[in-house]
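Engineer: Sequence:
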Amino acid sequence: MSVVLTISALRSRAREGAVTAKVRAQVDDLIRKEDRNAKPFWELKLRDGGDALSLKAWNSSPNFAVCEELDRGDSVEVEGEFSIGSYGLDAQRWTLRYLTKDEERQLFEGDSETRAVNEADFASVTRLVESIREPRLSLLCQTFLAEFGPRFRRAAAARNNHHAFRGGLLRHTAQMMISADAICGVYPALNRDLLLAGTLFHDSGKLWEMCPPENGFEVPRELRGELLGHITIGIELVNSLWRKIATEEWKSLQPASEDIRAHLLHLVAAHHGELEYGSPVEPKTPEAIALHYIDNLDARLEMIFTAYKKQPEIAPGVRERVWALNVSPVNALPAWEASGEDTAGA
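Residue numbers (the numbering used here): 817 to 1162.
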């Protein structure tokens, strides 16, 4: 009996040879094309929570008629013999069926590992938000999580390159907040509360720029996101929530509320680091500088770790070029582990 695998796990196993398996995914796109002999075929693009796969249904195959009945957004299971060819992961012989409602629900919730990671990430973000002592920043961050938690947990951080999957924004933000907290231990002059709040909100505009629907993996293009971009939307969100929760008591607090708000907005505005990369202003405070580099570090590490899983080797230990990194990644050096002989005299 074939085992059900994620597309990413299937891709990894197929590198070692052909594998018979099942994949559950959503129809991302369905394109009718013609080959060089003008014979029609379907290109079926499938997507799950972490990867994508393209299959072809030739007009001589029973799957050609099956694809005629499919629509974008359908949830399906594909079973077949998969292998890595010159065009990547593919299947020569495969069958398709629609998922039941219960199977569809499980697909969008993710497998047990995906759910566990999402829960752990949200718990990390919540814990760090609760550790913020400055009352205005604390209330602002808690209000954001209370009002937009479900949307935050399913948004992607990008369409390509890094954390480009359902739940990717939460993963990216959680890792950044953990890093920010650690860096404050090395550089105690940093305003920890401000840096944590800025990290939480830095990509918050992506909730309206890169958020899949509740029952979907595709990241749609919304008018607001296209016209404004996530930095502008994030600034608007901070201002909106700030006005909503502000009280008269804040006027007696120091630093002044308007100074705190301005510094937080600067972190959101400057996190891309340079004007040519989309920030309207460059980092001008210690926290803004720290946030920019934490963001860049997490994104670049995610891209290289993903390359180890997805990019084929073009030479021993060397992966196919990752254009966003502008390099051909080299396999990482394994960590040293003590052998029995090394520890015998300890």
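Simulated from the structure, these hints should not be mistaken for laboratory data.
Check each hint, because a few of them may be wrong.
Label-pair ranges, simulated between beta-carbon atoms [as the list claims (entries may be wrong)]:
{"#": "1", "residue 1": "E935", "residue 2": "P1150", "range": "23 to 31 Å"}
{"#": "2", "residue 1": "P1150", "residue 2": "A936", "range": "24 to 32 Å"}
{"#": "3", "residue 1": "N1031", "residue 2": "S1073", "range": "37 to 45 Å"}
{"#": "4", "residue 1": "N875", "residue 2": "Q958", "range": "54 to 62 Å"}
Quick list of in silico lysine-lysine cross-link-like pairs, DSSO-like style, CA-CA up to 27 Å [said to hold, decoys possible]:
{"#": "5", "residue 1": "K917", "residue 2": "K861"}
{"#": "6", "residue 1": "K1125", "residue 2": "K861"}
{"#": "7", "residue 1": "K838", "residue 2": "K1100"}
{"#": "8", "residue 1": "K1126", "residue 2": "K861"}
{"#": "9", "residue 1": "K838", "residue 2": "K872"}
{"#": "10", "residue 1": "K872", "residue 2": "K855"}
{"#": "11", "residue 1": "K849", "residue 2": "K872"}
{"#": "12", "residue 1": "K861", "residue 2": "K849"}
{"#": "13", "residue 1": "K861", "residue 2": "K872"}
{"#": "14", "residue 1": "K1100", "residue 2": "K1125"}
{"#": "15", "residue 1": "K872", "residue 2": "K1067"}
{"#": "16", "residue 1": "K849", "residue 2": "K838"}
{"#": "17", "residue 1": "K861", "residue 2": "K838"}
{"#": "18", "residue 1": "K917", "residue 2": "K838"}
{"#": "19", "residue 1": "K838", "residue 2": "K1126"}
{"#": "20", "residue 1": "K1125", "residue 2": "K872"}
Beta carbons: idealized from backbone N, C-alpha and C, even for Gly.
Engineer: Each of the hints needs a verdict: does it hold here or not?
Structural biologist: Hint by hint, here is what the structure shows:
Range check, E935 to P1150: Cβ separation about 30 Å, and the 23 to 31 Å hint holds. Restraint check, P1150 to A936: a C-beta distance of roughly 25 Å satisfies the suggested window 24 to 32 Å. Evaluation of the 37 to 45 Å hint for N1031 and S1073 yields a pass: the beta carbon distance comes to about 41 Å. Look at N875 against Q958: about 57 Å separates their beta carbons, and that is inside 54 to 62 Å.
About 21 Å separates the Cα atoms of K917 and K861, which keeps this hinted pair within 27 Å; it holds. The straight-line distance between the Cα atoms of K1125 and K861 is roughly 20 Å, inside the 27 Å bound, and the hint therefore holds. Simply put, K838 and K1100 have alpha-carbon atoms about 52 Å apart, too far for the 27 Å limit, and the pair is violated. For the hint pairing K1126 with K861, the CA-to-CA distance comes to about 17 Å; that is within 27 Å, so the pair holds.
Taking the CA atoms of K838 and K872, the gap is about 16 Å. The hint holds against a cut of 27 Å. Restraint check for K872 and K855: the C-alpha separation of about 13 Å stays at or below 27 Å, so the hint holds. Restraint check: the Cα-Cα separation between K849 and K872 comes to about 10 Å, which is no more than 27 Å; the hinted pair holds. For the proposed pair K861 and K849, the alpha carbon gap of about 13 Å is at most 27 Å, so the pair holds.
Distance check on the hinted pair: K861 and K872 sit about 9 Å apart at the alpha-carbon level, within 27 Å; holds. Proposed proximity of K1100 and K1125 is contradicted: the alpha carbons are some 37 Å apart, above 27 Å. Distance hint between K872 and K1067 is unfulfilled; the C-alpha atoms sit about 64 Å from each other, more than 27 Å. For the suggested pair K849 and K838, the alpha carbons sit about 26 Å apart, so the restraint of at most 27 Å is met.
Restraint check: the Cα-Cα separation between K861 and K838 comes to about 15 Å, which is no more than 27 Å; the hinted pair holds. Between K917 and K838, the direct Cα distance comes to roughly 17 Å. Compliance with the 27 Å bound is thereby established for this hinted pair. Restraint check for K838 and K1126: the C-alpha separation of about 19 Å stays at or below 27 Å, so the hint holds. Restraint check for K1125 and K872: satisfied, since their Cα atoms lie roughly 23 Å apart, inside the 27 Å limit.
The structure shown violates the earlier hints numbered 7, 14, 15.
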